[in-house]
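Protein chains: 2
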Amino acid sequence: MTDEMDCLLNPRTIAIIGASSSSDKIGNVLVKSLLRSSAKIFPVNPKHDLIEGIRCYHLISDVPDDLDLAIIALPAEKSYAEFIKVADHGVKCAIFVTAGFSEMGNHGRELEKQIIDYARSKGTRVLGPNTLGVYSPITKIDTLIIPAEKSPRPDGGALALISQSGSVHVSMLEKASSMAIGISYSIGLGNRADISEIDMLKYLADDDRTRCIALYLESFSDGRALIELAKSITPKKPIVAIKAGRTEAGSRAASSHTGAISRSGDDIVDGAFHQSGIIRAYDDEELLDYANALMLMSESKGDRVAYIGSAGGVGVMASDYIESEGIGGRLRMAKLSDATKKALSEVLEAFAPLNNPVDLTASSSPSQYDGAMHIVAQDQGVDMILLSLDMQPPMMDDSVFDYIKSWAGLGKPIVGTSTGGDLAIRTVLKMQKLGIPSYPSLSRCIKSARILYERGKFLKQIGNKGSSKTHPI
Amino acid sequence: MTDEMDCLLNPRTIAIIGASSSSDKIGNVLVKSLLRSSAKIFPVNPKHDLIEGIRCYHLISDVPDDLDLAIIALPAEKSYAEFIKVADHGVKCAIFVTAGFSEMGNHGRELEKQIIDYARSKGTRVLGPNTLGVYSPITKIDTLIIPAEKSPRPDGGALALISQSGSVHVSMLEKASSMAIGISYSIGLGNRADISEIDMLKYLADDDRTRCIALYLESFSDGRALIELAKSITPKKPIVAIKAGRTEAGSRAASSHTGAISRSGDDIVDGAFHQSGIIRAYDDEELLDYANALMLMSESKGDRVAYIGSAGGVGVMASDYIESEGIGGRLRMAKLSDATKKALSEVLEAFAPLNNPVDLTASSSPSQYDGAMHIVAQDQGVDMILLSLDMQPPMMDDSVFDYIKSWAGLGKPIVGTSTGGDLAIRTVLKMQKLGIPSYPSLSRCIKSARILYERGKFLKQIGNKGSSKTHPI
Chain X
1 MTDEMDCLLN
11 PRTIAIIGAS
21 SSSDKIGNVL
31 VKSLLRSSAK
41 IFPVNPKHDL
51 IEGIRCYHLI
61 SDVPDDLDLA
71 IIALPAEKSY
81 AEFIKVADHG
91 VKCAIFVTAG
101 FSEMGNHGRE
111 LEKQIIDYAR
121 SKGTRVLGPN
131 TLGVYSPITK
141 IDTLIIPAEK
151 SPRPDGGALA
161 LISQSGSVHV
171 SMLEKASSMA
181 IGISYSIGLG
191 NRADISEIDM
201 LKYLADDDRT
211 RCIALYLESF
221 SDGRALIELA
231 KSITPKKPIV
241 AIKAGRTEAG
251 SRAASSHTGA
261 ISRSGDDIVD
271 GAFHQSGIIR
281 AYDDEELLDY
291 ANALMLMSES
301 KGDRVAYIGS
311 AGGVGVMASD
321 YIESEGIGGR
331 LRMAKLSDAT
341 KKALSEVLEA
351 FAPLNNPVDL
361 TASSSPSQYD
371 GAMHIVAQDQ
381 GVDMILLSLD
391 MQPPMMDDSV
401 FDYIKSWAGL
411 GKPIVGTSTG
421 GDLAIRTVLK
431 MQKLGIPSYP
441 SLSRCIKSAR
451 ILYERGKFLK
461 QIGNKGSSKT
471 HPI
Chain H
1 MTDEMDCLLN
11 PRTIAIIGAS
21 SSSDKIGNVL
31 VKSLLRSSAK
41 IFPVNPKHDL
51 IEGIRCYHLI
61 SDVPDDLDLA
71 IIALPAEKSY
81 AEFIKVADHG
91 VKCAIFVTAG
101 FSEMGNHGRE
111 LEKQIIDYAR
121 SKGTRVLGPN
131 TLGVYSPITK
141 IDTLIIPAEK
151 SPRPDGGALA
161 LISQSGSVHV
171 SMLEKASSMA
181 IGISYSIGLG
191 NRADISEIDM
201 LKYLADDDRT
211 RCIALYLESF
221 SDGRALIELA
231 KSITPKKPIV
241 AIKAGRTEAG
251 SRAASSHTGA
261 ISRSGDDIVD
271 GAFHQSGIIR
281 AYDDEELLDY
291 ANALMLMSES
301 KGDRVAYIGS
311 AGGVGVMASD
321 YIESEGIGGR
331 LRMAKLSDAT
341 KKALSEVLEA
351 FAPLNNPVDL
361 TASSSPSQYD
371 GAMHIVAQDQ
381 GVDMILLSLD
391 MQPPMMDDSV
401 FDYIKSWAGL
411 GKPIVGTSTG
421 GDLAIRTVLK
431 MQKLGIPSYP
441 SLSRCIKSAR
451 ILYERGKFLK
461 QIGNKGSSKT
471 HPI
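Just so you know, the protein sequences line up as chains X and H, in that order.
Per the working numbering, the first sequence runs over residues 1 to 473.
Per the working numbering, the second sequence runs over residues 1 to 473.
What the hints contain is simulated information worked out from the structure, not anything from laboratory work.
Some hints here could point you the wrong way.
As the list makes no split between identical chains, a pair holds if one copy fits it or if it spans any two.
Once the Cα atoms are required to be at most 25 Å apart in a straight line, the calculated DMTMM-like pairs of lysine to aspartate or glutamate come out as [said to hold, decoys possible]: (1) Lys335 to Glu103; (2) Lys202 to Asp49; (3) Lys433 to Asp422; (4) Lys202 to Asp68; (5) Lys430 to Glu149; (6) Lys335 to Glu346; (7) Lys150 to Asp422; (8) Lys231 to Glu110; (9) Lys140 to Asp68.
Just chain X, same shape as in the assembly (with noise of 0.2 Å):
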């Protein structure tokens, strides 16, 4: 597939347009980044030779390749000037990763325009300005301005972001690298003068490496267009998405911050993305929690949930978040079968209570997990498996995470959490490493096992029979 947009999202030849020698500098935090990657790099600055390493040309058109990308580092005022140049020589895309356009006021709205009819008028595309750009582990294309030993960035993945907000580009980066969770790619619109989710989206639907769509937005380039998009994407790709600025407040604050026009009732979005199978999240957790279980998981056929587990209070509260309608799932707690649980009796302790929730209690060991496991996921009266792994028992060992990678074949979906602090946390990891989207939080476990079930009934509702697999990875 070709695509007008690989030229930013796959360039083969990247221009750095105010690219430094100076480490403090954003041309040269670009320059490094950007020779990781496997695209050709041409630095631009008429004062230097060379920079780190390789040759600097004086002029954009002293570069001998053709261009698919340039990023312009230069300050506002400066930018135009040199943004021509770049749109002469051809130049399929630009990024514009500095700030002091139309978010300034007038002056700076004029400046933007210009650009933009320029850009229009040789062809070239336009992402921004005001944008920290594009991330992608897969093509190691970096042009974000805060270096990565400075702000982690995620490991390659399945989930594709979107966000119209810098601070919450970098924001929602940092989670999905502190939560190991894979990208594909991240994309910032900044002040979105041309390129914009539209765009975005339709490449992302027909990218193999996208499973899932995260977007924040403050508001919509064209909304009646998104949602059209939206209906043919999410029947085979499901898109979470923040429409922020849904309160008065709310508004208010993104009226300062990105302009988005008044709210335009929440009720018709909530209505919309309803209608088009867009899932809606409410804040950057909840997005990316939403979205790591997307991504990992298929959808769930049903709202019954099998728990296991070896701490029995936490089983409870576990019951009761999950079947709560205000606070909570709004899922049921799975009635196990007979022979689910006879099965069970011979791989549990004599003393261990033989429902859902199901407790291996302190005396749970891996292989007590993985026995439960599959018995559990073999009963017809359970849709999806809440796996609450906890190392603490005396006979829990790290073999535990050998035989997850077996549970991909169990057919069910599966959501993991574990409770407590650090020791958690690195268990919550590990499965998510694994592939289970797992959380150090049971409330968000179970309100991302309840986005599954969503999902399901997304597919049902539009007559698809949704994935064959339920554990893609």
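On the provided structure of chain X, position chain H as indicated by the hints.
Just chain H, lined up with the frame of chain X:
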């Protein structure tokens, strides 16, 4: 103050029945842990003369001192015979840290009854059986059977924890440790054959070290007594509680777990908690989050929140979440006065919007945070401050933490958050250690702010003007 429960929580002398010299035995973990306490320790085991370098007594009757506390670390079957000797020796209190009693069925129930009957005849109080016992960083009394190396203990502080579930007890301690929440005492009630939450609440009500009490219960030992007692405590000291088993499924799970009788109308629990000023939490994360806020901050006099941060998009999400009715804080974004806006204009960059959320932008510096905090705290229209501290911007450095120390005098409650991944978590921990209740999640931070407002409403309702200090640390 001398209290019967001092023998449990502040013992001067402790016997360990079933002390052991092999490091894989509970009886050895206990000796080692308790040697760190300020109490005098008497290991008891007929087979040893010396354990961990101190004299081991063959019989409890050989111990020359009066004993405040005995810890029975023997299998259930052996413990009755040994307990008779303990009670006959006049020990004031005993903790049974082993399982195998009423939670195991009729035989264990009978055993437990015999123990309690004998204890009552001798005036010995009993914690448990089937409890992890007690942990206090203040007295260094630590009867938890999982060594601190495997299960990190929190530092000293002002939060008391009481749990009917052992696993929730350990989980809360580990969570408190990883969140830098300091605790005064934590008590596991176990089967609650004698000492109950009522005894503990009475003690903690008058304990000067404890500023907030968090409670995990699956059933009430005496619901009416609890509510009456709570009414006398909550005007001076907040109580946060989980009553698990609130749904049919949770109630069934609680019945298998602690034998809690079926859910006696969860609406009644809700009403009784509300009436007696107990704040209800629905999972362990909420329990600690709310208790953390109430321990470190005084109540908020109103619902008007000012947000100070440097990340525009996060400010928009925060505004939404603060004002949302269904999912959200059900609070209000404060309207800043003209005087506040004018003062802010002298501190912030020219391009920063002068509104709430106060957006320090990527140009934020420690002194701007300090200036904004002082200005906003003086606004009569602001009841509390949500501080979103991000260390990414280039001008930010650790000097901001020196400023934070001075914010205790600002006269308004503050809750803290930071957005992103590992750096955000480290920032949150630093704020927390400086006395600002802080959360690595916007929604958890705002929900906790809501609780400070709920506390203020409750105190107003009962005609209590509340604490004069807003930042007790």
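Hints and how they fare:
1. Lys335 to Glu103: This pair counts as between: shortest inter-copy Cα distance 23 Å, intra-copy 56 Å.
2. Lys202 to Asp49: Neither: 40 Å inside a chain and 78 Å across chains, both beyond 25 Å.
3. Lys433 to Asp422: both (17 Å within a copy, 17 Å between copies)
4. Lys202 to Asp68: within (19 Å within a copy, 73 Å between copies)
5. Lys430 to Glu149: both (23 Å within a copy, 20 Å between copies)
6. Lys335 to Glu346: Within one copy, since 19 Å is at most 25 Å while 64 Å is not.
7. Lys150 to Asp422: Cα proximity of Lys150 and Asp422: in one copy and across copies (23 Å, 10 Å).
8. Lys231 to Glu110: neither (35 Å within a copy, 64 Å between copies)
9. Lys140 to Asp68: For Lys140 and Asp68, the Cα distance is within 25 Å only inside one copy (15 Å; across copies 65 Å).
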